[in-house]
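Input sequences plus hints: build the corresponding full structure.
The listed protein sequences derive, respectively, from chains A and B.
My numbering numbers the first residue of the first sequence as 1279 and each following residue consecutively.
My numbering numbers the first residue of the second sequence as 38 and each following residue consecutively.
Please keep in mind that the hints were generated in silico from the structure rather than gathered at the bench.
Backbone N, C-alpha and C define an ideal beta-carbon position, used for all residues, glycine too.
One side of the interface only, derived from the structure: several residues of chain A facing chain B at Cβ under 8 Å:
#: 1; residue: 1295
#: 2; residue: 1297
#: 3; residue: 1298
#: 4; residue: 1301
#: 5; residue: 1371
#: 6; residue: 1393
#: 7; residue: 1394
#: 8; residue: 1395
#: 9; residue: 1399
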Amino acid sequence: MNGRFKRAFRVLLVEDNDDHALLITESLMLGDFPVEVERVPDGAKALALLASGRTPDAILLDLNMPGVNGHEVLEAIKSDVTSRMIPVVILTTSLHHDDMKRAYRNHANSYLHKSFDGDSIEKILDQFTKYWGGINCMHLN
Amino acid sequence: MRLVKILLVATLLAIGAGAIAVAQDKRVVRVVVHHVPPFVITGQRPSGYAIDLLEAVAVERGLTVEYQIVDNPAEGIAAIEAGDADLHPSLGINESRAEKVDFTRPFEYLVAGLFVRESQVARLQGTKDRSTLVYGATQGSIPARILNGIEGVQRVYLKDHNATLVALASNQIDGAVYGANTFRSLVRSIGVENKFVQFGEDLKRTPIAFAVKKGNAELLAQINDGLAAVTSSQEFTRIRTHWFPSPPPYWNSSRILTLGVGAFAFLVLAGALILMRVRDTERRRRLDEAVRFTNELASANLDLEQRNEEMRHLVYMVSHDLNSPLASIGGFARRLTRGLDKGDEAIVRDSTERITRNIGTMRRLLDGVLVLNRASSNTLQRERVQSTLLAQAVRDALSEALQAKSATLNVKVETPDLICDAMLITQSVQNLIENALKHGCPDPGMEVTLRFAREGGDVRITVSDQGPGVPIENREEVFRPFIRGPEARREGKEGLGIGLATVKAIVEKHGGRLWVEQDPCGGARFVIELPYADVAPDVLEREIF
Chain A
1279 MNGRFKRAFR VLLVEDNDDH ALLITESLML GDFPVEVERV PDGAKALALL
1329 ASGRTPDAIL LDLNMPGVNG HEVLEAIKSD VTSRMIPVVI LTTSLHHDDM
1379 KRAYRNHANS YLHKSFDGDS IEKILDQFTK YWGGINCMHL N
Chain B
38 MRLVKILLVA TLLAIGAGAI AVAQDKRVVR VVVHHVPPFV ITGQRPSGYA
88 IDLLEAVAVE RGLTVEYQIV DNPAEGIAAI EAGDADLHPS LGINESRAEK
138 VDFTRPFEYL VAGLFVRESQ VARLQGTKDR STLVYGATQG SIPARILNGI
188 EGVQRVYLKD HNATLVALAS NQIDGAVYGA NTFRSLVRSI GVENKFVQFG
238 EDLKRTPIAF AVKKGNAELL AQINDGLAAV TSSQEFTRIR THWFPSPPPY
288 WNSSRILTLG VGAFAFLVLA GALILMRVRD TERRRRLDEA VRFTNELASA
338 NLDLEQRNEE MRHLVYMVSH DLNSPLASIG GFARRLTRGL DKGDEAIVRD
388 STERITRNIG TMRRLLDGVL VLNRASSNTL QRERVQSTLL AQAVRDALSE
438 ALQAKSATLN VKVETPDLIC DAMLITQSVQ NLIENALKHG CPDPGMEVTL
488 RFAREGGDVR ITVSDQGPGV PIENREEVFR PFIRGPEARR EGKEGLGIGL
538 ATVKAIVEKH GGRLWVEQDP CGGARFVIEL PYADVAPDVL EREIF
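Structure (structure tokens):
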């Protein structure tokens, strides 16, 4: 592994749409950073995973999901002492003000618009990785 | 040179003559109309059965039509006599009118009756002294002439058809003489048809025709020729089927709201005046009835608002559901290009497959919306449909889906036929069975049962499965247009949640009911109930499949 990095950047992707999950995972792997992506298809499985002690460096969370929806997952993560320090970045197609306000009120660390036009998804995930990955995985000298 | 000049002048003259000829062909006919649904409905632009007929005649004869609106037939006739209008497209023929205007051949018949509030029937039947009764009709109309001939009661003439209905509804009059079609059309459009009934026999059958100014032989001949041509054409069948019988317009909100607000305001005023003399118990009783009527109007309004809300939600969900596969297609198109650049055939093939699948998802969503829209429109083509043929058509359409689930379709035909719109009901039954396959066949080798049976004056089509059934608390919700199960959403595959709402709209268009219950064997049982004994087919029997 590159000497700049202590280890790979571990991302938990919570996304119900299989097609979107594939595109997002591949984009994350395309950058300079070494990224390990674990994907779960719904909020319940995400919470179970966190409860089992497997802590990712950051969580990418979709909002429009069946069953437990993204907002409820965010609330659950940020109200639990063992998980609230994990950065949660919302990645969603919704540009509704209500969704944004609610997400920030529930302490989302960031809110990204999921768009596959052109290379938007790569650019946005690159910034995501550099910021949160940098904080967690680069050597600090 | 001189020859050229002659040719030039000749050409100009020819063009001029042609222009005059063309201009003369577009004769303008000034038409006067008053509100008498379903013949003439005076909205932003007049519409209705007689209007459709008139416009067909105008096209056939190369005429342009200009409309003027008056309150009632008397004013219409006066306008024609005064020369302010040329034609009236919907007047009942009688001797005294024939002295003032010339009539074409009739195209329809008006049957008049006395209409009363359903709650008053017992009282009216028991009333010995008829001179206490007040009957009303629209002034200058054929029903008004009929009313004139009814002896022994008090008679009131109202300004127009709406005023007459409101007077009847608020108990200002005990009965109203009305053309049956007009009355039924009016009350159906507000949704209060259950509150009124015809009292007694049909009163009179009057032919209805177009009328022109007396002595205008040229226009009369034109219109008669036009009518002859139109009434013997397919267009006439289409127009007539469109207006008779006409199920209530599904979203005629502005019409209903206007009449509702007007009647509500009138009733509130009536209520206030009556309250001032509250010691009189007779008036107190009338107040209660007016209040009840107001409440019914209010709940009809609420119902409309709820439908509008559902429509807005549906539009939101549809646009969201189209965005998702569209975004995926964009992403996979780029991935495909990357695959081509790298020479990675696996990525190219996989990306192409995913693009195709997402396109299919969008196509299915749009088809579902289009069917839902068609189901909400006014036109139903009812026919006598053989149960066995319908079942076979559904079985054929679903053979692949049945195979995929290793499920069997068990068909029980206990009644030979039903009367319905073949295409829409076939689609509906198909939707129900698709639903049963999706949610009611968790294991391979299960059975879905399709049954046709008579239940009194109705036919019931039931689709039962052996799955987990629908919990009681969800049995209303499943028919709303935007509820769907979690698995279907995740895979973005079939079941975009519009199917059951479509079926409900279709069944209710037929005047039937749709519900889900527990099958005795444990699974879900969806029931479509369609009227049978009291309905007539719109078209004659034909081979449909």
